[in-house]
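A.B. asks: Here is how the chains run, residue by residue.
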Amino acid sequence: MNFTIIAETNGDALHPTTYQLVRAAANMGSNSTVICPNGIGADEAAKINGVDKVISATGDCFNIFDGGAWASAISPICGDITLISASPNGREIGSRIAAIKDIPIIQDIVSMTEGVTVTRPIYSGKAMESLTISGNAVITLRPNAFEAALTGNDAPISVVNQSADVKIAIQEAIDKASERLDVTEADIIISGGRGMGTIDNFSHLEEIADTIGAAVGASRAVVDEWGMPHRMQVGQTGKTVTPSLYIAVGISGAIQHLAGMRSSKYILAINKDPDAPIFAVADYGVVATWEEAIPALKTALSELQ
Amino acid sequence: MNITVLLKQVPDTTAKITISNGKVDENSVSKWSMSPYDEYALESGLQLKEATGGNLVAITCGPERTKKMLTDAAAVGADTLVHISDDGVTDSTHVQQLLAAAVKKYDSHVVLCGKQAADTNAGSTGPGVAELIDAACITLVSEVNHSEGNFLTIRPSNSGTEKVMVSGLSVFAFDKGTSELRRPNVRGIMMAKKKPIEAISSSDLGVNLSSSNVKLNSQNPPPEKPAGQKFEGAEHINEVVSKLRNEANVI
Ligand SMILES: Cc1cc2nc3c(=O)[nH]c(=O)nc-3n(C[C@H](O)[C@H](O)[C@H](O)COP(=O)(O)OP(=O)(O)OC[C@H]3O[C@@H](n4cnc5c(N)ncnc54)[C@H](O)[C@@H]3O)c2cc1C
Ligand SMILES: Nc1ncnc2c1ncn2[C@@H]1O[C@H](COP(=O)(O)O)[C@@H](O)[C@H]1O
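Protein chains in written order, with my numbering: chain A, 1 to 305; chain B, 1 to 251.
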């Protein structure tokens with residue numbers, strides 16, 4: 001069985017999940033071929049342990065993101081099992097490749113063992129399911145669910161020129177995203193809810209985020225009622241996140257919010273209501289107002305640096 | 001213009017999920033609802049219909065209970081209701097084949113669906129169906145407008161959001177939309193009750209479902225987390241931060 005990995009990129013570099021994809025294949029006893037769309041990150045991919053070869057897929061079709069075009073360019077060079085990140089783009093390309101090849105697509109797995117047997121969360125994490133796939137398949141991996149592969153390798157890189165019809169056209173870029181880290185990419189997230197009182201008070205969370213390199217997230221109440229950008233929303237109708245640490249401040253912990261963050265490795269909740277449901281999923285809970293807790297947190301964290 | 005929306009009925013987000021004998025027990029689900037993103041797809045479909053004078057076809061594939069959701073869609077303005085009996089199909093590849101065949105049968109010009117269903121959380125269906133019908137697909141859209149034969153949509157980009165244009169047969173998979181969802185009025189609800197639901201099967205659609213290469217081993221409750229540590233008062237923050245560093249190793 002051979003594994004093909006489609007690299008996930010972040011600007012001009014590889015996204016950390018690419019290292020996790022390679023490791024997941026290596027855990028199955030397989031080296032992998034890594035395809036780098038538009039050649040991005042090819043040199044970096046060649047250094048990852050467990051990579052047999054890197055294919056730099058170049059072509060005009062990679063200039064903008066059209067999942068259909070990317071999939072038709074990439075699918076001819078995919079092997080038995082194709083692994084991609086369960087990012088929005090990864091899920092889209094993966095689904096297309098599976099449909100082109102008429103093979104199963106399994107999204108968002110958190111473990112993979114011989115068989116091939118995988119587990120994945122369903123019902124927004126209210127249950128897990130275990131599936132066994134026979135034959136070829138496309139599988140997307142939940143970011144941060146697998147360890148990262150190490151580096152030191154020197155795999156060969158080949159260039160393949162692929163073409164495909166692009167069916168969409170970008171008309172204009174509308175607003176510039178804030179310079180802040182995106183919640184789906186961050187290893188630490190500090191999120192605020194209605195308990196923060198006003199949108200201006202989020203500046204206190206941003207300060208902490210800047211000290212520890214975290215992203216700032218929000219509950220839906222804050223997005224809907226105070227006009228916080230939707231890209232910051234965590235939960236059922238927002239982003240699903242799995243950081244190492246999720247800090248929830250003034251968030252009650254409604255089931256729909258938990259759906260987006262309950263699989264975080266560690267959860268710290270700060271809430272003035274000792275009975276807030278968020279405490280039921282928190283590893284560490286502090287019953288206090290943010291007005292008291294946040295300055296203390298700021299001081300404690302900056303003393304660590 | 002024929003506008004198709006793909007709607008899935010799922011356990012309401014507030015419903016408890018119970019497992020018995022290694023499988024989610026659907027009979028114990030207290031409330032079934034339209035999957036949240038599908039509601040935005042439907043709303044956008046209704047707006048497209050109003051702007052272009054089109055016909056809105058709502059399609060679902062699922063057991064009998066899902067017909068209720070089609071009637072709910074009719075109450076806000078869906079014109080044609082199509083129920084594909086699922087015969088216990090769970091494999092996404094099969095669902096996609098059935099939906100794609102129905103999309104063709106109803107001669108759709110544009111297909112709207114959710115970015116992911118609240119039960120599978122997959123996000124496979126929109127792009128998969130698009131591939132099967134040879135359509136463009138844009139995912140995570142929040143808005144779709146029709147202008148001079150083209151569709152203009154808004155989707156997130158690396159640097160914020162972008163306006164994307166497509167022409168021809170297209171699939172749009174919705175994120176949370178920018179419009180308020182409409183609620184049915186009494187007249188709509190009364191009319192919807194009388195609306196017929198077209199029942200079609202895989203053989204009506206000419207789809208020959210192969211055996212699945214995906215075997216479900218079991219469904220289980222999520223792993224239990226050890227009970228958390230709770231501290232009363234902000235004076236414990238220092239202690240918690242040192243635990244985050246030394247116990248959890250996360251900062
Ligand atoms: C279909 C559907 C989808 C949804 N999707 C999402 C989603 O994606 N994400 C999401 O977040 N929600 C979602 N919701 C909404 C969800 O049900 C809740 O309404 C929402 O999460 C509440 O946000 P909140 O916790 O910020 O506000 P509240 O529930 O109002 O909680 C505020 C909390 O702050 C605490 N507090 C108040 N003052 C202070 C203070 N000074 N210091 C510290 N704590 C304080 C309070 O004790 C309370 O616990 C969805 C709902 C539905 C029906
Ligand atoms: N059985 C189904 N019937 C109708 N639409 C569906 C079905 N399954 C999925 N969809 C549509 O496809 C979207 C994505 O589903 P999924 O790929 O399961 O995450 C859903 O939000 C629906 O719009």
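No lab work stands behind these hints, which were simulated from the structure alone.
Hints may contain errors.
[What the hints assert, rightly or not] What the simulated footprint calls covered on chain B by chain A, stretch by stretch (three residues with Cβ under 8 Å from a Cβ of chain A suffice, anywhere in the stretch; the number is not a length):
no.	region
1	26 to 35
2	66 to 79
3	117 to 127
4	138 to 152
5	155 to 165
6	190 to 203
Glycine residues also receive a C-beta, built at the ideal position from the N, C-alpha and C atoms.
A.B. asks: Hint by hint, which ones does this structure get wrong, listed from lowest number up?
C.D. replies: 1, 2, 6
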